[in-house]
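Enquirer: Using the sequences and the hints, build the whole thing.
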Amino acid sequence: METVITTSGLTRRFGEVTALDGLDLAVPRGSVFGYLGRNGSGKTTTIKLLLNLIRPTSGSARVLGFDPQADPVPMRQKIGYVAEGQKMYGWMRVREIMRFTSGFYEVWDTELAEKFRERFELDPEARIKTLSKGQNARLSLLLALAPRPDLLILDDPTMGLDPISRQEFLGDIVRAIQEEGRTVFFSTHILQELEQVADWVGILDRGTLRAAAPVDELKASVKRYELTLEGPAPTSVELEGLLRLSSSGRDLILTARGEPGVIVHRLREAYAPLSLETHSLSLDEIFAEIVLGSSPGEGAGAYLPLGEETRLPGEESATVPEGGVSGVSGVPGVSGESGPGEVVS
Amino acid sequence: MIFWKEWRELRGRFFTLAAFYLITLLFLPINLLVVTRYIQYFVPNLLTTGALLILIPMVLGMDAYVTERDGETEDFLCSKPISRISLFLSKIGLRAALTLLLAIPLLAIIVIKLGIEADSLYLATPPFLILFVLLSIVSGLLIILFITGAVSARVPYQSTALIIGGSAGATLAAFPIILNAWELQYLQAPWQNFWLLILVLMLSILLALFLFTRIETGRSEP
Chain A
126 METVITTSGL
136 TRRFGEVTAL
146 DGLDLAVPRG
156 SVFGYLGRNG
166 SGKTTTIKLL
176 LNLIRPTSGS
186 ARVLGFDPQA
196 DPVPMRQKIG
206 YVAEGQKMYG
216 WMRVREIMRF
226 TSGFYEVWDT
236 ELAEKFRERF
246 ELDPEARIKT
256 LSKGQNARLS
266 LLLALAPRPD
276 LLILDDPTMG
286 LDPISRQEFL
296 GDIVRAIQEE
306 GRTVFFSTHI
316 LQELEQVADW
326 VGILDRGTLR
336 AAAPVDELKA
346 SVKRYELTLE
356 GPAPTSVELE
366 GLLRLSSSGR
376 DLILTARGEP
386 GVIVHRLREA
396 YAPLSLETHS
406 LSLDEIFAEI
416 VLGSSPGEGA
426 GAYLPLGEET
436 RLPGEESATV
446 PEGGVSGVSG
456 VPGVSGESGP
466 GEVVS
Chain B
3 MIFWKEWREL
13 RGRFFTLAAF
23 YLITLLFLPI
33 NLLVVTRYIQ
43 YFVPNLLTTG
53 ALLILIPMVL
63 GMDAYVTERD
73 GETEDFLCSK
83 PISRISLFLS
93 KIGLRAALTL
103 LLAIPLLAII
113 VIKLGIEADS
123 LYLATPPFLI
133 LFVLLSIVSG
143 LLIILFITGA
153 VSARVPYQST
163 ALIIGGSAGA
173 TLAAFPIILN
183 AWELQYLQAP
193 WQNFWLLILV
203 LMLSILLALF
213 LFTRIETGRS
223 EP
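As they're listed, the protein sequences go chains A and B. Counting the first sequence from 1 gives a position; the numbering used here is that position plus 125. Counting the second sequence from 1 gives a position; the numbering used here is that position plus 2.
Keep in mind the hints are simulated off the structure, nothing from the lab. Values in this document were obtained by computation on a predicted structure and should not be read as measured data. Any given hint could turn out to be false.
Which chain A residues stay away from chain B? Per the calculated CB distances, all over 12 Å, these [said to hold, decoys possible]:
#, residue
1, 156
2, 205
3, 354
4, 383
Label pairs and their computed distance ranges (CB to CB) [stated by the list, open to error]:
#, chain 1, residue 1, chain 2, residue 2, range
5, B, 9, A, 296, 46 to 52 Å
6, A, 255, B, 99, 27 to 33 Å
7, A, 403, B, 86, 51 to 57 Å
Note that the Cβ used here is the ideal one computed from N, Cα and C, for glycine as well.
Expert: This is how it looks when you write it as structure tokens:
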């Protein structure tokens, strides 16, 4: 697998806070890699490290074959970057910032830039300070695409946009990707966005990468298993890939990552259940399972002990464990004030 | 293009500063009075003058970074394929050029006027005048920063500008008083240079301290 981004033990600390902890990441060429995590999980730190906007505390990275610290300028020639809520010079006009930005790049496709400008309905004479958030985001995308970059890095680009602008913006991204076939590294905290555009997903939680796999593969491997046993359900289960566990009376519900056939076989062998049902999960449910399964004091793949009233998506009432995902909406049975599928911390 | 952008951001201040000094020269004769009255006591050495010539663009360059940071455009600019050193030099270079551009005609005006009014002092005037004009420019620029900062609603910018502008304004205001004090008590050539240097250094350190507190490389929220 040819990769455009690889990191090895990439770590960044801000004082006592470890924003990114030993990140080992590989982003395949040609993929749309959704980098998913809650606010403050380390997504922006990762991107800033990749662009050499900040320096790592330890570890290394290669982006398009370049060392970001040693060769930031030639590397950035091949990268388009849209930051979260990108601020640009308010006094500049749209045509001025296009001309200004073009001056930095060896390659600048004026026709493409103009095409996007027309598609995005941006008035060339409009001053940036007069643009709406949606227009501002589109202008950022235009400026990132016009140099025909090999790698497009988008850092939560739809943050602050209303749902309609968000959808339109995502549509623009999808079209741009389809037209160019480039690699896109796309960080977001909005699960629905990721499902629309990404074919790979990386899940980051509290600075640690919990999972990185093709979306389809992740969906195929993470399942929820509901067992009814003859006797009382156990309080702990030894199972490789176990993410979460819950039981009540004779009912045992667990979520695990692995080959479903193998897991079912092992569960049948271990517990001889009266019934065993396998349920597929949506990406937002998988995200919740992985993040909740790695709550403080628990490593990835560890289970949460019973009796702490942890819950799985679909349960009617439960207490969110400390460090768990609070305010996740769009996940059945989980309350929150944010929009569907949106994770807030 | 980076020079174009820097000039566009700077030109308002530049023209305001030019206007400020023209008005000062035309309508506020105190500057010339100070010069003509005390010039014989002040012949700053080349080190002081050179230090100021370097310091001013540096301070202005740092101001450019503060402006980027206040506008939250730092990431946008720094993510472009341009090295930080190129960015730094282009920002400082332009400001140095503009400073000199502004200093030369002002210097010429004063020298000519002094040549007429104080012919015997003519040879001693240029180093002091350079120092005086440049010190005045930097102080004036900082006062303008203070005004623009006060007009804008950005509190961090405002507070920094308030401190810097206030310090610069106080220094300017104190200038004639200090001159008088020296004349009355301590007017000996070596001490004059020393105290002037201390004054400039204090002002510079003050500026540098406050500006550097605003510039944190690598600062980021996770």
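Enquirer: Against each hint, give a clear statement of whether it holds in the structure.
Expert: Do the hints match the structure? See the list:
no., hint, in the structure
1, 156, "holds, 22 Å"
2, 205, "violated, 10 Å"
3, 354, "holds, 43 Å"
4, 383, "holds, 31 Å"
5, B:9 - A:296: 46 to 52 Å, "violated, 38 Å"
6, A:255 - B:99: 27 to 33 Å, "holds, 32 Å"
7, A:403 - B:86: 51 to 57 Å, "holds, 54 Å"
When held up to the earlier numbered hints, the structure conflicts with 2, 5 and fits the remainder.
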